Amino acid sequence: MASKLEETELIEGLRRGREDAYRKLIDLYSDKLYRLALRILRQEEDAREILQEVFVKVLKKVGEFQGGSSLYTWLYRVTVNESLMRRREKAGHPKEESFEDLLPHYEFGYLIDDTRDWTQGADKRFECEEFHNLVRQLVDELPEELKTAYVLKDLEEISEDEVCGILDITKPTMKNRVHRARLILRKRIEKHYAP
Amino acid sequence: MRLESLIHGILLRTFQLLTCDQMEKLSYDFLEERLPKYRMAQIHLHLITCPQCLRFMRSYRKTRGLNEHLPRPKLDPQFKEAMFQFLMAERRTH
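Those sequence lines, one after another, are chains A and B. Quick note: the first sequence uses this note's numbering, first residue 1, plus one each step. Quick note: the second sequence uses this note's numbering, first residue 1, plus one each step.
Note that these hints are calculated values from the structure, not bench results. Hints are not guaranteed to be accurate.
[Claimed, not checked] For lysine-lysine, the following DSS-like pairs were computed, each having C-alpha atoms within a straight-line distance of at most 30 Å: (1) B:K62 with A:K57; (2) B:K74 with A:K124; (3) B:K80 with A:K24; (4) A:K24 with B:K74; (5) A:K175 with B:K62; (6) A:K24 with A:K4; (7) A:K175 with B:K74; (8) A:K90 with B:K74; (9) A:K60 with A:K4; (10) A:K124 with B:K80; (11) B:K25 with A:K57; (12) B:K80 with A:K32; (13) A:K90 with B:K37; (14) B:K62 with A:K191; (15) A:K4 with B:K62; (16) A:K4 with B:K80.
[Unchecked claim] Derived CB-CB ranges, DEER-like: (17) A:D27 with B:E68: 23 to 29 Å; (18) B:T49 with A:E49: 49 to 55 Å; (19) B:T49 with A:D123: 56 to 62 Å; (20) B:E33 with A:E89: 49 to 55 Å; (21) B:F79 with A:H105: 44 to 50 Å; (22) A:E145 with B:H69: 38 to 44 Å; (23) B:E81 with A:H105: 52 to 58 Å; (24) A:Q43 with B:A89: 22 to 28 Å; (25) A:K124 with B:E90: 28 to 34 Å.
As the structure is a computational prediction, the values presented were derived from the model and not from experiment. Note that the Cβ used here is the ideal one computed from N, Cα and C, for glycine as well.
Make the full structure from the sequences, and use the hints.
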């Protein structure tokens, strides 16, 4: 992430159409935005196309950029929105699946689920390609709102304030979405490794 | 299970300990280590006395840390250069 001064200079350079500004834009953000699009779309080709669309949008709209949010936030927001639109075009609106049975269940405040421990030896398992594919699939199957919050916060390690800015949501909403995503993933990994 | 849950719930409330559902709601902030000390202590105490929640918290922590184990793909330099050239061509027509 660029400092405030660097970002101001970068935006000015982009407005003027300077080559060095576009090189810097690509250097600073292309890998991060590509990875974000890839986490949402899972297809490399789609993620590359989205990245190109995002940068073309920058080229066309940077003159209108008001600086109400940071360039960083704007780029991430556009990437999330474009990726979600692409995903809906390809897959249609996913049918609403109930994840209630994957959330913890309580009686009188007491956890009544049979919670099993899948963390023993997990680090070694986590390094396998099979596990990476499983996580990608499970993340992909999360409800859209939970997935975007989880990908930004936990997988891309973006600060809470930035995630709220990108998704235009409050901090309690962001925390709730990330928490629910973790609960669902936790249970689904448990079902896979400790059935 | 209902009687066991009821007894456990009564005990937790009697001694002003956290219930399992209260602990779950705090688990996000617990991992961020930004709860007040007394809350952190309450959670630790709960985890000592509740094996179910201990297993829950272990796996919840692991789930939060999945990013450490996933590859972080990067674009190859040729693609970046092609992207740059494409943008420069777009800029000329814009």
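The hints, checked one at a time:
1. B:K62 with A:K57: Roughly 38 Å between the alpha carbons, so the hint for B:K62 and A:K57 is violated.
2. B:K74 with A:K124: holds (24 Å)
3. B:K80 with A:K24: holds (11 Å)
4. A:K24 with B:K74: holds (16 Å)
5. A:K175 with B:K62: At roughly 17 Å apart (the allowed maximum being 30 Å), B:K62 and A:K175 satisfy the hint.
6. A:K24 with A:K4: Answer holds: A:K24 to A:K4 is near 15 Å, not above 30 Å.
7. A:K175 with B:K74: With a Cα-Cα distance of about 28 Å, the restraint between A:K175 and B:K74 holds, given a limit of 30 Å.
8. A:K90 with B:K74: holds (24 Å)
9. A:K60 with A:K4: holds (22 Å)
10. A:K124 with B:K80: Distance of about 34 Å is beyond 30 Å: violated.
11. B:K25 with A:K57: violated (40 Å)
12. B:K80 with A:K32: holds (13 Å)
13. A:K90 with B:K37: violated (49 Å)
14. B:K62 with A:K191: Judged against 30 Å, a Cα distance of about 15 Å means the pair holds.
15. A:K4 with B:K62: Distance ~34 Å between A:K4 and B:K62 Cα, so the pair is violated.
16. A:K4 with B:K80: holds (25 Å)
17. A:D27 with B:E68: 23 to 29 Å: At 25 Å between Cβs, range holds.
18. B:T49 with A:E49: 49 to 55 Å: Holds: the Cβ-Cβ distance is about 53 Å, inside 49 to 55 Å.
19. B:T49 with A:D123: 56 to 62 Å: This hint is violated: roughly 27 Å between Cβ atoms.
20. B:E33 with A:E89: 49 to 55 Å: Since the Cβ atoms of B:E33 and A:E89 sit about 42 Å apart, the hinted range of 49 to 55 Å is violated.
21. B:F79 with A:H105: 44 to 50 Å: Since the Cβ atoms of B:F79 and A:H105 sit about 47 Å apart, the hinted range of 44 to 50 Å holds.
22. A:E145 with B:H69: 38 to 44 Å: violated (25 Å)
23. B:E81 with A:H105: 52 to 58 Å: The hint (52 to 58 Å, Cβ to Cβ) holds, given that B:E81 and A:H105 are roughly 54 Å apart.
24. A:Q43 with B:A89: 22 to 28 Å: holds (25 Å)
25. A:K124 with B:E90: 28 to 34 Å: violated (47 Å)
Checked against the numbered hints given earlier, this structure breaks hints 1, 10, 11, 13, 15, 19, 20, 22, 25; the rest are met.
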